[in-house]
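Undergrad: Chain by chain, the residues:
2 protein chains.
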Amino acid sequence: MLVKKFLCAPGPTAVPAEILNEMAKPLIHHRTPQFDAIVAENAELLKQVFKTKNPVVTFTSSGTGAMEASVTNFLSKGDKAIVVSAGKFGERFAEICTAYGVEVVELKADYGKDVKPAAVAEALKANPDTKAVYTEYSETSTAVAFDVKGIADVVRKTGALMIVDAITAVGAMEFEMDAWGVDVAVAGSQKSFMIPPGLSFLSVSEKGLKAMEKSTLPKYYFDIAGEIKANGKSTTAWTPAVTIMIGLNYALKMMISEGIDNVVKRHFIVAEAIRVGVQAIGLKLFADVPNVRPSDAVTAVRVPEGVDGKKIPGLMQDKFGVTVAGGQGSMAGNIFRLGSLGYMDKTDVIVQLQAMELALKELGYKFEAGKSVAAGQKYLMDNMKF
Amino acid sequence: MLVKKFLCAPGPTAVPAEILNEMAKPLIHHRTPQFDAIVAENAELLKQVFKTKNPVVTFTSSGTGAMEASVTNFLSKGDKAIVVSAGKFGERFAEICTAYGVEVVELKADYGKDVKPAAVAEALKANPDTKAVYTEYSETSTAVAFDVKGIADVVRKTGALMIVDAITAVGAMEFEMDAWGVDVAVAGSQKSFMIPPGLSFLSVSEKGLKAMEKSTLPKYYFDIAGEIKANGKSTTAWTPAVTIMIGLNYALKMMISEGIDNVVKRHFIVAEAIRVGVQAIGLKLFADVPNVRPSDAVTAVRVPEGVDGKKIPGLMQDKFGVTVAGGQGSMAGNIFRLGSLGYMDKTDVIVQLQAMELALKELGYKFEAGKSVAAGQKYLMDNMKF
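Protein sequence lines, in the order shown, are assigned to chains A and B. Taken in order, the first sequence gives residues 0 to 385; the numbers are from numbering that gives the first Met the number 0. Taken in order, the second sequence gives residues 0 to 385; the numbers are from numbering that gives the first Met the number 0.
Hints may contain errors.
Copies of the same chain look alike in the list, so a pair counts if it works inside one copy or between any two.
[Said to hold, decoys possible] No farther apart than 27 Å at their CA atoms in a straight line, the calculated lysine-lysine pairs in the DSSO-like style are these: (1) Lys4 / Lys24; (2) Lys232 / Lys310; (3) Lys318 / Lys24; (4) Lys156 / Lys115; (5) Lys24 / Lys3; (6) Lys310 / Lys228; (7) Lys318 / Lys232.
FYI, nobody ran anything at the bench for these hints, they're computed from the structure. Since the model is a prediction, treat every value here as computed from it, not as a measurement.
Please model the complete structure; the sequences and the hints are all you need to start from.
TA: Right, dumping it as structure tokens:
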């Protein structure tokens with residue numbers, strides 16, 4: 000029988016059909032007034048999403064490219080950086096720093112936990128020569144949200160830069176670039192922006208712009224100053240992913256029209272409904288709540304005992320049509336991750352819970368059929384404004 | 000009245016409607032067997048286009064990203080490289096080398112000319128410690144094709160690597176990665192591959208793979224070894240531009256089905272018909288023929304005296320619907336460039352010549368109406384097999 004397909008991973012996320020159609024129009028050249036207007040408008044609308052008055056540049060790359068830019072444009076060889084991590088993506092910051100000869104002070108916590116602002120304050124006191132603090136906001140691999148506002152409060156009082164991987168956070172959770180005193184934040188197109196992978200974004204504060212002038216690490220393709228200069232002329236330094244830039248323009252208008260605060264609220268309600276749903280049938284979150292805040296972009300669920308966790312994502316996708324994510328690295332088989340990121344509404348809550356119930360039943364887990372779907376639905380009825 | 004639109008620039012090029020539709024299908028996740036099969040097949044088909052048995056990796060970036068990778072993965076700080084250039088893109092290689100602390104020996108020629116293999120041989124003799132020779136194949140800014148086969152013949156006898164920007168050459172002009180002894184070649188999606196910008200390709204020889212092991216320049220996002228390793232597992236190191244990878248798969252099958260040698264022959268005939276057409280109304284090529292070979296990806300035409308050259312591309316696009324390119328840098332206003340790259344056939348010859356005639360007439364150039372169109376058509380009738 001027909002099985003409809005739903006992409007519910009924490010990126011790439013589903014792309015609205017109207018955006019797919021927009022990107023399928025005949026290609027236009029990137030050095031034309033028509034495309035210049037898109038570049039200029041995107042740059043302005045991105046500022047609204049990041050809540051900043053300062054530049055947000057766009058690279059044609061995955062989010063990892065923007066993470067690399069957040070190292071190579073702000074530091075010099077031998078500089079010291081504190082890298083806060085408790086998951087795969089935090090670890091990537093340490094790898095990039097190391098690749099470029101930056102001295103890394105790792106502030107690590109176990110997967111599922113976070114690192115508190117007080118620990119960052121202590122590390123900064125012990126390392127007063129720190130040039131930058133790197134942290135995740137929404138650590139996608141563990142579905143934990145770090146206290147970026149609290150950490151920024153600590154870092155802004157020092158000379159160090161506050162640099163945030165907000166790839167699955169911007170547009171999914173409250174984020175105030177300027178008000179919080181974040182210096183550099185990176186994001187990616189295939190997340191809350193609802194468009195295909197291929198673009199990454201980087202927002203930089205005035206403090207960050209000043210630090211850029213002193214940075215001597217080598218860079219060329221990911222040169223932020225070059226992009227800012229090009230954006231000033233409504234163009235890009237290199238040939239951009241034209242179709243995705245056009246999709247971005249459409250998506251940003253959808254987000255602004257819904258209202259960024261409403262977009263964020265929607266992410267919370269969808270994520271919370273999923274959390275309520277999974278827990279209703281006895282499943283546990285991987286995030287160490289209430290000691291940490293769970294991410295509203297993705298929910299990591301512990302695989303219950305006796306169930307072959309590695310089979311859950313494959314079964315949900317191939318048999319029941321719903322693509323979610325498994326665990327990465329040492330978490331493979333121990334967790335599965337349900338998405339609430341991007342083009343998601345009430346329906347994606349129950350579609351995922353339904354497929355999850357069907358997969359878990361097939362894998363031998365015992366629970367009352369329909370209970371997670373009903374719990375998710377009840378939460379939505381109580382909390383979502385229609 | 001209706002004005003149909005044609006994208007005839009030397010990249011981005013027009014994308015076949017069937018590929019646009021393919022890319023507009025609901026997004027799939029990049030960590031799935033379905034997408035793994037695409038990654039694996041693309042890697043194999045790319046080898047056929049590059050005519051190599053060795054790996055061809057794909058980056059999500061513009062071609063400039065792959066050019067950067069061709070420096071950072073093969074050299075170490077203080078290494079010496081010979082950069083052969085006679086145009087904007089050759090100069091970019093020198094900029095990248097300089098940004099990464101590579102010592103550059105520039106072998107420059109005037110725009111419109113090339114650098115001969117004998118000059119490279121001499122420079123190699125004078126600089127026996129050269130680690131790599133960087134050269135353009137089709138220099139897009141001047142529409143000159145360098146003698147890459149001849150230069151490779153010189154370089155292969157030394158310890159230096161032969162590294163080629165073949166961004167507008169692969170799939171447009173004869174190119175034999177392995178047979179010619181090229182060590183590294185880069186290309187881009189929005190060129191002969193007929194798909195939107197967003198992907199770049201890099202092919203590496205066995206000699207290149209060995210050199211990679213010794214390279215100590217910093218890299219992370221553009222780490223070729225990481226991509227080769229990931230490709231070995233039918234996946235990618237980072238989240239790729241999924242939709243463009245799917246478009247690439249379709250495009251590669253179209254190219255292989257036409258036959259790479261036929262694709263190349265088509266580019267020559269289309270370009271030659273354009274060259275014949277423009278010269279039929281007294282216009283001169285910018286390429287210093289017969290001293291150099293003109294590129295078959297693009298034709299640079301000198302703006303005739305008394306004509307405001309800066310107005311030609313805008314007029315051709317806005318009034319007559321045909322997007323071509325102007326001159327870059329110091330060539331702005333002095334040349335305009337007609338495309339023969341990618342999804343181009345007989346029709347694109349006369350469509351461009353028609354719009355060019357209309358624009359030139361409006362700008363006051365005196366010529367016999369229809370003469371360039373007729374000359375292009377005659378050449379096609381004599382030379383294209385139908």
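Undergrad: Work down the list of hints and note, for each, if the structure agrees.
TA: Okay, the hints, checked on the actual structure:
1. Proximity of Lys4 and Lys24 under a CA criterion of 27 Å is satisfied in both settings, with 24 Å inside one chain copy and 12 Å between copies.
2. Proximity of Lys232 and Lys310 under a CA criterion of 27 Å is satisfied inter-copy only: 19 Å between copies versus 51 Å inside one chain copy.
3. Taking the shortest alpha-carbon separations for Lys318 and Lys24, only the inter-copy value of 20 Å comes in at or below 27 Å, while the best intra-copy value is 33 Å.
4. Taking the shortest Cα distances, Lys156 and Lys115 sit within 27 Å of each other inside one copy (16 Å), while across copies they are farther apart (59 Å).
5. Taking the shortest alpha-carbon separations for Lys24 and Lys3, both the intra-copy value of 26 Å and the inter-copy value of 14 Å come in at or below 27 Å.
6. In the homo-oligomer, the alpha carbons of Lys310 and Lys228 lie at most 27 Å apart only across protomers (25 Å), although the nearest pairing inside one protomer, at 49 Å, exceeds that limit.
7. Taking identical chains as interchangeable, the C-alpha atoms of Lys318 and Lys232 lie at most 27 Å apart only when they sit on different chains, with a minimum of 24 Å there against 50 Å within one chain.
In terms of the numbered hints stated before, the structure departs from none.
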